Amino acid sequence: MVKDIKKLEKIAQQLRIEIIKMITNAGSGHPAGSLGIADVMTALYFNVMKHDPKKPKWNKRDRLILSNGHVCPARYAAMAYAGYFPKKELMNLRKFGSKLQGHPSYTDFPAIESSSGPLGLNLSIAIGQALALKMDKNPATVYCVTSDGDHNEGNTWEAIMFAGNRKINNLINIIDRNHIQLSGKTKNIMPLEPLKEKYLAFNWSVIVINGNKISEIIKACERAKKIKKPVAIIANIIPGRGVSFMEGKSEWHGKAPKKEQAEQALKQLTR
Amino acid sequence: MKEKNTSTREGFGEAIFEIAKKKKDLIVLTADLRESTKVDKFAKKYPSRFIECGVAEQNMIGLAAGLALAGKTAVTTSFGVFTPGRTLDQIKINVCYNDVDVKIVATHCGINVGKDGATHQALTDIAVMRTMPNMTVISPCDFIEAKKATKAILGMKGPCYLRLGRAKMRIVTKEKDRFEIGKANVLMKGKDATIIATGYMVEKALKAAFLLKKDKIHASVINCHTIKPLDKKTIIEYAKKTKAIVTAEEHEVNGGLGGAIAELLSNNFPVPIEFIAVKDKFGQSGTIDELYKHYELDENSITKAVKNCIKRK
Numbered sequence: 001m002v003k004d005i006k007k008l009e010k011i012a013q014q015l016r017i018e019i020i021k022m023i024t025n026a027g028s029g030h031p032a033g034s035l036g037i038a039d040v041m042t043a044l045y046f047n048v049m050k051h052d053p054k055k056p057k058w059n060k061r062d063r064l065i066l067s068n069g070h071v072c073p074a075r076y077a078a079m080a081y082a083g084y085f086p087k088k089e090l091m092n093l094r095k096f097g098s099k100l101q102g103h104p105s106y107t108d109f110p111a112i113e114s115s116s117g118p119l120g121l122n123l124s125i126a127i128g129q130a131l132a133l134k135m136d137k138n139p140a141t142v143y144c145v146t147s148d149g150d151h152n153e154g155n156t157w158e159a160i161m162f163a164g165n166r167k168i169n170n171l172i173n174i175i176d177r178n179h180i181q182l183s184g185k186t187k188n189i190m191p192l193e194p195l196k197e198k199y200l201a202f203n204w205s206v207i208v209i210n211g212n213k214i215s216e217i218i219k220a221c222e223r224a225k226k227i228k229k230p231v232a233i234i235a236n237i238i239p240g241r242g243v244s245f246m247e248g249k250s251e252w253h254g255k256a257p258k259k260e261q262a263e264q265a266l267k268q269l270t271r
Numbered sequence: 272m273k274e275k276n277t278s279t280r281e282g283f284g285e286a287i288f289e290i291a292k293k294k295k296d297l298i299v300l301t302a303d304l305r306e307s308t309k310v311d312k313f314a315k316k317y318p319s320r321f322i323e324c325g326v327a328e329q330n331m332i333g334l335a336a337g338l339a340l341a342g343k344t345a346v347t348t349s350f351g352v353f354t355p356g357r358t359l360d361q362i363k364i365n366v367c368y369n370d371v372d373v374k375i376v377a378t379h380c381g382i383n384v385g386k387d388g389a390t391h392q393a394l395t396d397i398a399v400m401r402t403m404p405n406m407t408v409i410s411p412c413d414f415i416e417a418k419k420a421t422k423a424i425l426g427m428k429g430p431c432y433l434r435l436g437r438a439k440m441r442i443v444t445k446e447k448d449r450f451e452i453g454k455a456n457v458l459m460k461g462k463d464a465t466i467i468a469t470g471y472m473v474e475k476a477l478k479a480a481f482l483l484k485k486d487k488i489h490a491s492v493i494n495c496h497t498i499k500p501l502d503k504k505t506i507i508e509y510a511k512k513t514k515a516i517v518t519a520e521e522h523e524v525n526g527g528l529g530g531a532i533a534e535l536l537s538n539n540f541p542v543p544i545e546f547i548a549v550k551d552k553f554g555q556s557g558t559i560d561e562l563y564k565h566y567e568l569d570e571n572s573i574t575k576a577v578k579n580c581i582k583r584k
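Protein chains in written order, with the working numbering: chain D, 1 to 271; chain F, 272 to 584.
Be aware that one or more of the hints could be misleading.
[As the list claims (entries may be wrong)] Mimicking DSSO-like on lysine-lysine, the simulated pairs with C-alpha atoms at most 27 Å apart in a straight line are:
| hint | chain 1 | residue 1 | chain 2 | residue 2 |
| --- | --- | --- | --- | --- |
| 1 | F | 294 | D | 57 |
| 2 | D | 134 | F | 295 |
| 3 | D | 57 | F | 447 |
| 4 | D | 134 | F | 312 |
| 5 | D | 60 | F | 584 |
| 6 | F | 419 | F | 487 |
| 7 | D | 99 | F | 487 |
| 8 | D | 137 | F | 316 |
| 9 | F | 485 | F | 503 |
| 10 | D | 167 | F | 428 |
| 11 | D | 57 | D | 95 |
| 12 | F | 445 | D | 167 |
| 13 | F | 422 | F | 386 |
| 14 | F | 487 | F | 439 |
| 15 | F | 487 | D | 55 |
| 16 | D | 6 | D | 57 |
| 17 | D | 167 | F | 315 |
| 18 | D | 137 | F | 447 |
| 19 | F | 550 | D | 134 |
| 20 | D | 137 | F | 315 |
| 21 | D | 60 | F | 447 |
| 22 | F | 293 | D | 134 |
| 23 | F | 445 | D | 137 |
| 24 | F | 294 | D | 134 |
| 25 | D | 137 | F | 428 |
| 26 | F | 293 | F | 514 |
| 27 | F | 315 | D | 60 |
| 28 | D | 167 | F | 584 |
| 29 | F | 293 | D | 60 |
[Said to hold, decoys possible] If we take Cβ atoms under 7 Å as the criterion, some of the chain F residues that face chain D in the derived model are:
| hint | residue |
| --- | --- |
| 30 | 356 |
| 31 | 360 |
| 32 | 390 |
| 33 | 526 |
[To be verified] FRET-style restraints, in silico, Cβ to Cβ:
| hint | chain 1 | residue 1 | chain 2 | residue 2 | range |
| --- | --- | --- | --- | --- | --- |
| 34 | D | 194 | F | 325 | 45 to 51 Å |
| 35 | F | 325 | D | 226 | 54 to 60 Å |
| 36 | D | 201 | F | 342 | 53 to 59 Å |
In short, the hints are calculated from the structure, not lab data. Since this is a predicted model, take the numbers as computed values, not measurements. Glycine included, each C-beta is placed from N, C-alpha and C at the ideal position.
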């Protein structure tokens with residue numbers, strides 16, 4: 001476990017560099033969301049979660065369910081840096097026969113806990129896992145990462161209603177609130193506000209943080225674990241974080257940078 | 272044992288209750304349909320292993336996949352019009368792509384739902400389910416077979432779809448009959464044609480075969496309880512023996528059992544095929560007999576199809 005926030009920030013920056021290289025090398029992918037969630041992935045894999053990269057199926061591990069599967073480059077990078085697989089394999093992203101599929105594939109790479117990609121599907125999976133852990137009196141926590149787009153889907157709200165009703169208190173839903181979706185700003189496509197109040201009305205507890213501040217992410221998770229209800233951490237995140245021309249831009253939701261753009265991005269990230 | 276006429280959903284309900292005692296990792300979920308899907312007895316006896324999801328089928332399938340990823344065997348129960356009806360993506364990605372131990376049990380399949388009408392008669396579920404990689408599709412024909420099918424799917428790992436009916440139907444199989452997933456049961460042997468039926472149409476196929484005997488036509492009858500994986504060997508063998516096939520199912524003609532058999536035989540041993548199925552139409556309210564007759568799913572429609580098929584040899 002890494003406690004030093006400065007060190008964690010360095011790791012997050014390293015992950016961003018990998019994300020740009022991976023997506024550029026693949027020629028397609030989702031850079032804005034991946035760069036945005038890098039701090040959350042760093043906090044989870046290097047500080048918050050109990051896990052063992054050498055024993056990915058260790059029964060007492062905390063589970064991470066990534067619902068917005070398109071930001072998987074950030075997760076893959078975090079897992080490689082945590083020691084799940086050699087870093088050089090990161091360049092296999094989206095390649096034929098690779099376990100690093102364009103959207104996460106459980107059967108190809110069981111350490112990612114569940115396949116995901118189509119939005120709205122995976123908060124239910126996280127709750128199912130949380131229920132099973134409770135039945136088995138397993139003290140592990142289930143972390144789920146969901147996106148703005150996930151909250152357009154009815155399935156997500158069915159899941160929120162269920163978890164609130166059942167007081168699933170071993171579940172923490174970190175909302176990657178980056179305010180963009182595929183075709184524009186969320187406030188113009190399908191506004192989610194008041195999101196906090198919606199969760200409260202569904203009997204969840206809510207913590208609002210800056211999702212690009214690792215210290216806030218860690219503190220929020222520690223607090224959330226003590227609450228006797230399901231907890232939503234609304235993590236306000238800048239999509240494209242760290243690369244000036246991508247920050248806050250929905251046009252970088254789903255396209256790879258060209259070679260010169262990647263060079264420029266890497267220059268900014270290695271500064 | 273129940274009386275003679277009873278439904279496949281009741282067979283499932285009895286079996287799941289019996290298995291629950293030994294199989295401690297079995298979790299049953301429902302979407303506000305515990306009584307209709309016959310898991311009410313299970314719910315009462317095993318409340319800690321029963322999950323009421325409310326009328327939220329998509330979440331139910333996701334929960335089941337999550338439970339299965341954590342090592343449980345999850346059985347979801349609803350009507351065929353809801354699972355798979357409104358949960359295609361959840362079944363495809365959460366269950367099949369993850370390849371987890373989730374059994375999707377749907378009652379009220381086929382036209383035998385009767386008076387509730389078209390919205391509640393699942394007629395496209397076989398087509399949907401058999402296109403999913405990793406999925407096994409089972410459609411038992413009576414109470415006894417539904418019990419055996421329930422035990423069989425809980426004895427294997429991986430995604431399964433169990434298709435059940437609401438109506439009471441005559442029992443046509445025996446306790447001692449063998450039930451094996453992927454192995455069709457030959458119920459009658461005749462040289463002129465083969466009727467391959469699934470679900471409640473097995474009873475109609477047997478009736479049709481007896482009627483045909485009066486006209487000196489000897490039909491084989493196969494109970495094809497497993498639609499995926501198909502029993503290729505038996506089906507090809509009877510196509511070769513009788514050179515005329517009639518398929519019978521309470522389902523749309525597009526993509527169901529008949530489609531599966533046509534795909535198989537066109538690749539291996541093409542023979543004339545006639546399809547007893549709903550012909551690209553919605554159902555409607557009515558008694559079961561009225562509906563079977565109107566949609567040409569009754570024994571007389573089957574005998575007619577057999578005669579037509581023999582002419583095409």
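Hint check:
1. 294/F to 57/D: Roughly 23 Å separates the two Cα atoms, so the pair holds.
2. 134/D to 295/F: Holds, at about 15 Å.
3. 57/D to 447/F: 42 Å, violated
4. 134/D to 312/F: 24 Å, holds
5. 60/D to 584/F: 64 Å, violated
6. 419/F to 487/F: It is violated: about 35 Å lies between the C-alpha atoms, which goes past 27 Å.
7. 99/D to 487/F: With Cα atoms ~61 Å apart, residue 99/D and residue 487/F exceed 27 Å; violated.
8. 137/D to 316/F: 21 Å, holds
9. 485/F to 503/F: With a Cα-Cα distance of about 31 Å, the restraint between residue 485/F and residue 503/F is violated, given a limit of 27 Å.
10. 167/D to 428/F: Judged against 27 Å, a Cα distance of about 30 Å means the pair is violated.
11. 57/D to 95/D: Holds, because 25 Å separates the two Cα atoms, which is no more than 27 Å.
12. 445/F to 167/D: At roughly 47 Å apart (the allowed maximum being 27 Å), residue 167/D and residue 445/F break the hint.
13. 422/F to 386/F: The given pair, whose Cα atoms are some 31 Å apart, is violated under the 27 Å limit.
14. 487/F to 439/F: 31 Å, violated
15. 487/F to 55/D: Given that 27 Å is the threshold and the Cα spacing comes to 68 Å, the pair is violated.
16. 6/D to 57/D: 30 Å, violated
17. 167/D to 315/F: Answer holds: residue 167/D to residue 315/F is near 22 Å, not above 27 Å.
18. 137/D to 447/F: Cα-Cα ~41 Å, so violated.
19. 550/F to 134/D: Not OK: residue 550/F and residue 134/D at ~48 Å, beyond 27 Å, violated.
20. 137/D to 315/F: 22 Å, holds
21. 60/D to 447/F: 45 Å, violated
22. 293/F to 134/D: This hinted pair holds, its Cα atoms lying about 21 Å apart.
23. 445/F to 137/D: 43 Å, violated
24. 294/F to 134/D: 18 Å, holds
25. 137/D to 428/F: 24 Å, holds
26. 293/F to 514/F: 46 Å, violated
27. 315/F to 60/D: The given pair, whose Cα atoms are some 31 Å apart, is violated under the 27 Å limit.
28. 167/D to 584/F: 65 Å, violated
29. 293/F to 60/D: OK: residue 293/F and residue 60/D at ~25 Å, within 27 Å.
30. 356: Violated. Min distance 14 Å.
31. 360: 6 Å, holds
32. 390: 19 Å, violated
33. 526: Status violated, d = 22 Å.
34. 194/D to 325/F: 45 to 51 Å: 24 Å, violated
35. 325/F to 226/D: 54 to 60 Å: 28 Å, violated
36. 201/D to 342/F: 53 to 59 Å: The hint (53 to 59 Å, Cβ to Cβ) is violated, given that residue 201/D and residue 342/F are roughly 34 Å apart.
Violated hints, in rising order: 3, 5, 6, 7, 9, 10, 12, 13, 14, 15, 16, 18, 19, 21, 23, 26, 27, 28, 30, 32, 33, 34, 35 and 36; the structure is consistent with all others.
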